[in-house]
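There are 2 protein chains.
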Amino acid sequence: MLILRSPLDMHVHLRQGDMLSLVAPHTAKDFAAAVVMPNLTPPVTSLEQILAYRTSIIDAVRHPFTPLMTLFFRAYSKPELEAAKPHIIGVKLYPAGMTTNSEAGLADMAEARATLSVMEELDIPLLIHGEGCGFVMDREAVFLPVVEDWARSFTGLRIILEHVTTRAAVELLDRFDNLFATITLHHLLITLDDVLGGLMRPHLFCKPVAKRPEDRDALRAAALDHPKAFFGSDTAPHPREAKEAPGCAAGIFSAPVALPALAGLFEELNGLDRLQAFVSDRACAAYGLVPLAREVRLERRAWTVPERIGSVVPYLAGQILNWQVVD
Amino acid sequence: MLILRSPLDMHVHLRQGDMLSLVAPHTAKDFAAAVVMPNLTPPVTSLEQILAYRTSIIDAVRHPFTPLMTLFFRAYSKPELEAAKPHIIGVKLYPAGMTTNSEAGLADMAEARATLSVMEELDIPLLIHGEGCGFVMDREAVFLPVVEDWARSFTGLRIILEHVTTRAAVELLDRFDNLFATITLHHLLITLDDVLGGLMRPHLFCKPVAKRPEDRDALRAAALDHPKAFFGSDTAPHPREAKEAPGCAAGIFSAPVALPALAGLFEELNGLDRLQAFVSDRACAAYGLVPLAREVRLERRAWTVPERIGSVVPYLAGQILNWQVVD
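Each protein sequence line maps, in turn, to chains A and B.
Under my numbering, the first residue of the first sequence carries the number 1, and numbering increases by one thereafter.
Under my numbering, the first residue of the second sequence carries the number 1, and numbering increases by one thereafter.
For the record, the hints were derived by calculation from the structure and aren't laboratory data.
Think of the CB as a built atom: it goes at the ideal place given N, C-alpha and C, for glycine as much as any other residue.
Some hints could be false.
Unchecked claim - Computed footprint of chain A on chain B; a stretch qualifies when at least three of its residues, placed anywhere within it, have a C-beta under 8 Å from a C-beta of chain A:
#, stretch
1, 135–143
2, 181–194
3, 246–254
Claimed, not checked - Computed list of chain A residues with no C-beta within reach of chain B, every gap over 10 Å:
#, residue
4, Leu189
5, Thr191
6, Gly271
7, Gly288
8, Ser311
Stated by the list, open to error - Quick list of the computed label-pair ranges, beta carbon to beta carbon:
#, chain 1, residue 1, chain 2, residue 2, range
9, B, Asp194, A, Ala96, 15 to 25 Å
10, A, Pro145, B, Asp217, 19 to 29 Å
11, B, Phe135, A, Pro64, 54 to 64 Å
12, A, Ser153, B, Gln319, 52 to 62 Å
13, B, Asp217, A, Glu241, 52 to 62 Å
14, B, Phe135, A, Glu241, 54 to 64 Å
15, B, Asp225, A, Asp194, 29 to 39 Å
16, B, Glu103, A, Ser153, 48 to 58 Å
17, A, Ile58, B, Glu103, 50 to 60 Å
18, B, Glu171, A, Asp174, 52 to 62 Å
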């Protein structure tokens with residue numbers, strides 16, 4: 001038996017409408033709270049939208065679950081951010097066009113500075129989808145100088161580099177006290193080899209794309225031991241038809257398997273004792289969160305991941321996992 | 001009007017059965033001859049299979065077309081190769097498991113030497129799928145030392161490195177007189193960015209996978225000007241269902257668009273005058289082939305590539321090409 005206190009998924013896409021109803025219960029079942037990304041259509045850019053979205057999430061779940069809301073980055077005034085602050089955990093910045101529903105994102109990073117300065121003043125964290133333009137395998141690396149610049153310019157601003165995929169990004173954590181990172185389950189498990197080294201696997205296609213084996217090694221080491229790296233699944237469901245199509249959408253629906261698969265991986269890496277830190281303690285420290293009262297228990301008992309959950313093929317569909325969450 | 005004398009596709013997969021009947025006419029329509037790869041089920045490893053396969057190809061096409069047959073590499077005796085020599089243009093070596101129907105390929109490259117020595121003695125060219133084990137983006141690079149070793153050890157053996165994808169492979173051509181390379185259409189056009197930099201595109205998934213922009217630049221330069229680089233489409237049809245599936249098969253069916261798209265690309269690169277060399281002259285020089293009498297004419301007249309050819313989605317489906325082959 002493994003007991004996780006206040007497990008947190010610090011990066012989820014809960015979508016809207018029917019998809020929200022389908023997927024949000026899977027996150028709420030296994031996590032005490034989760035950071036909810038704002039890349040809806042239209043993006044979440046106002047307090048009214050935050051409150052409405054939060055309500056629709058609460059309405060969709062049965063378990064005691066706290067959605068930690070985010071604003072979609074744009075130029076915000078100080079009064080806007082002051083009003084939003086009690087209701088958000090941070091502001092999420094997307095460079096334009098880098099992933100699903102990020103068309104409204106920022107095209108010129110230089111335009112961010114005024115708002116970043118207000119966020120620093122108000123102590124509102126910045127969450128970043130850290131990819132720039134260019135060749136797909138280099139996009140995270142080419143964005144790191146922007147992160148460095150902001151981390152250096154705004155020393156009072158906490159910056160969370162989301163779903164890091166490279167050794168270079170992990171190494172940057174040691175250079176700036178105010179820089180943190182989330183790591184997904186799938187980037188701990190796969191490399192580009194799994195995506196297209198054999199047959200091509202649309203259900204393993206995500207943004208940022210999985211990188212090289214040495215990058216995965218660095219992510220695993222950080223997940224085990226880095227005090228500023230914590231779990232964010234980036235669970236991102238799409239209907240099966242959108243994945244198995246000539247233009248396959250990016251995203252992996254990992255919420256139903258996240259904790260069991262993490263337990264299996266950490267066990268394999270002889271680090272089961274550090275899972276509590278990865279899925280909760282370090283995130284609480286980074287964000288200044290008080291752990292929630294909820295505990296989630298896992299048993300070492302094999303189960304087979306279903307081939308389909310509603311319209312969505314979950315990550316690790318059909319595979320046998322050795323751990324399962326028990327009520 | 002562009003007239004190509006004896007256009008040759010030095011690398012095609014014509015498949016078997018119904019698929020052969022569907023695709024072979026497209027190669028035969030636009031090319032005077034083509035090098036036919038032997039990775040059937042079972043692989044083509046005997047003179048009887050060569051002759052039977054050759055007959056089935058001739059039966060499937062209407063145009064005057066010469067299939068240039070290949071044997072699937074295994075340990076062959078000198079009498080076997082002597083008997084086969086009049087009927088083949090070369091022997092194709094697949095490292096085991098690197099692409100479609102290559103399970104019967106060679107697992108230990110050291111075991112090739114005895115047969116390579118006989119091939120050198122009989123002046124039978126070696127065609128190589130040049131990929132080794134390891135991370136998908138490195139597989140061609142890690143195989144190059146094997147190519148170097150063989151090129152150095154068997155100086156009388158002509159070696160054709162098939163469907164090269166990297167700058168490093170192109171550079172190797174200058175180091176060994178007996179080393180040649182084929183280049184596909186799609187590797188001249190796409191990089192990994194096209195495969196999964198935006199949405200994921202199963203119809204652009206091939207082996208070896210498309211590489212980096214600087215690799216494509218090197219391929220383009222070689223296609224234009226390298227005397228030992230010539231065209232081999234690697235046209236490799238799969239039914240649409242096998243491409244748009246959770247495990248997408250590797251291969252791009254480019255035969256119906258190869259010459260028109262090459263004409264468009266060479267025109268764009270201000271190299272239309274060098275297309276004849278790329279699609280015929282250099283291959284004739286490398287293999288010691290006498291050009292065939294057949295000419296193929298292209299007109300600069302726009303057409304739209306069909307979305308489907310039988311069960312197969314062709315390369316560039318739905319796109320408008322500026323050149324077309326005219327009867």
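Hints breached by this structure:
5, 11, 12, 13, 14 and 18
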